[in-house]
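Enquirer: Each chain, letter by letter, is given below.
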Amino acid sequence: MSRKRRAKGQARQAKPSFSTDDFLLAVPHRNHAMKTTPQPGKKLLAEVPMKRPKGLIPPFSWLLPYSSHRRVELDAVGAEVLGLCDGNRSVESIIENFAKHHKLSFRESQLSVTRFLQMLVERGLVAIVGRGQTSGQAHEAN
Amino acid sequence: MPAEMTTTCWRGLTIGHPADWELSRASGLDEPKRCSFSDRRSERLDVRWRPLKAVPNLDHMIERYRDKAPKGRDDIRLELLDDLPEPWSGIMQTGSDAQVVHAGRFFADERILVEVTVAWPKRRDTNLERELLRSIHPRDPEASAVYWRAMGMEITLPPSYELVEHTSRVGKVHWVFEQDARHGGTLTFDRYALTDTWLRAAVRDWLDTEVTTGRVVDRSTKQMNGHMAERLLSRSWHGTLSALRGISTLRLDLAWKCPTDTRLYHVFFRRPAQGEELPLPEQFYVQCCQPTAVGLGANA
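So the protein sequences, as listed, match chains A and B.
Residues in the first sequence are numbered from -11 upward in steps of one, following the working numbering.
Residues in the second sequence are numbered from 2 upward in steps of one, following the working numbering.
Simulated from the structure, these hints should not be mistaken for lab results.
None of the values given here were measured: they were computed from a predicted structure.
Misleading hints may appear alongside valid ones.
DSS-like cross-link-like pairs, simulated, lysine-lysine; straight-line CA separation at most 30 Å [stated by the list, open to error]: (1) 88(A) <-> 123(B); (2) 173(B) <-> 31(A); (3) 173(B) <-> 72(B); (4) 123(B) <-> 69(B); (5) 39(A) <-> 23(A); (6) 173(B) <-> 88(A); (7) 69(B) <-> 91(A).
Computed from the model, here is a short list of chain B residues facing chain A with C-beta under 10 Å [unchecked claim]: (8) 166; (9) 169; (10) 200; (11) 202; (12) 264.
By construction, the Cβ of each residue, glycine as well, lies at the ideal position given by its N, Cα and C atoms.
If we strip away everything but chain A, and leave its shape as in the complex, we get:
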């Protein structure tokens, strides 16, 4: 298979279509390579290693700034949601937990947790594994 086609296939695989039901039953898994450091005020600094771009070799790498890790600072609420992503709890369970803790309705909690999980996925901190997927596939996607 050509590299272009493989890349296209991977992109298609990375964007599966989820129904609300599928999404609520899916389980968020933390990136195993992520390191977290507690910060003052219940904040959390999460670091995930990033792949070095292929073309970034000396002398270009001497000139272009490159960080080997992506750093994301999470506030207390963010750290709480990330803490709930233990690889066992479903999205629905995380939403329920968050709602109970902050006395929110399910929908209020759903809106905030869903948006936040989306951000965590985009930054590579978490992968969401749906029904019929394995956590291994999710880590490959990460």
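Fit chain B to the supplied structure of chain A, relying on the hints for placement.
Expert: Chain B in isolation, oriented as in the chain A frame:
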């Protein structure tokens, strides 16, 4: 046995629904009147209502839903319903995975046509459906106060106040009501969630950061639903002519944190006035201490 019920009162219509069917859409000032409710999985209830001068023929409504149904599909059945509470008329569309009930009723005294769509993803619950349809009623146009209940907010206001703006974002519900141009009063209601994460200061200090314009005339406390509310009266002038006539805009702010629902309530009333006092409207009332509906489980 139907699930625990609650009511939503929005733009003159009261709708009873299971507590875990949460409001997902509510129409604004310039939109056709409509409310939709969803459970955790999907939209379950859609209610539309409009004033009508003439008595509508509900058979036309039934025909309209019949025409809208997908044609040429063996898995979709349509049947007229005769088990709805009187005087509701309706039709049910049965598909392979769900049943959808469309029903309508004209409230002759208030001259309002209400159309309801209820989705049953598993099995149709006729008891709940009947309870739901029976609960729907328009407000009495002669009533001296208007009751609003939606998005966790519950208030009572004089009928002269019209909702002009509403937003419901994560953690904040915001409603603005305006009186007619002659009286010129504006009432704003804000309800904030997640106070344990962002409200570090005392409510009094937080209120000071919210009221940034005008001169503080009076500061005191007031009981609101048994909670101590901070009260702040401030005044600002708009233009030299108004100032010469002694007309200024008075703004009365009330803010309190409800220990039961842990929400911060902020109400402010603004009106051009000549005196030193700004009394709140007579029927004004805000309810707090709202329970949250989490943990009831999905009502299928």
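Enquirer: Next step is simple, just say for each hint if it's right about the structure.
Expert: Here is how each hint holds up against the structure:
1. 88(A) <-> 123(B): holds, 27 Å
2. 173(B) <-> 31(A): The hint holds at about 23 Å.
3. 173(B) <-> 72(B): With Cα atoms ~44 Å apart, residue 173(B) and residue 72(B) exceed 30 Å; violated.
4. 123(B) <-> 69(B): Measuring from Cα to Cα gives roughly 22 Å; hence the hint holds.
5. 39(A) <-> 23(A): holds, 16 Å
6. 173(B) <-> 88(A): holds, 17 Å
7. 69(B) <-> 91(A): The hint is violated at about 41 Å.
8. 166: Violated: closest Cβ of chain A sits about 20 Å from residue 166(B), beyond 10 Å.
9. 169: holds, 9 Å
10. 200: For residue 200(B), the interface hint is violated, since the closest Cβ of chain A sits about 12 Å away, which is over 10 Å.
11. 202: Violated. Min distance 15 Å.
12. 264: Check passed: Cβ of residue 264(B) comes within 8 Å of chain A, closer than 10 Å.
Hint compliance for this structure: hints 3, 7, 8, 10 and 11 are broken, all remaining hints hold.
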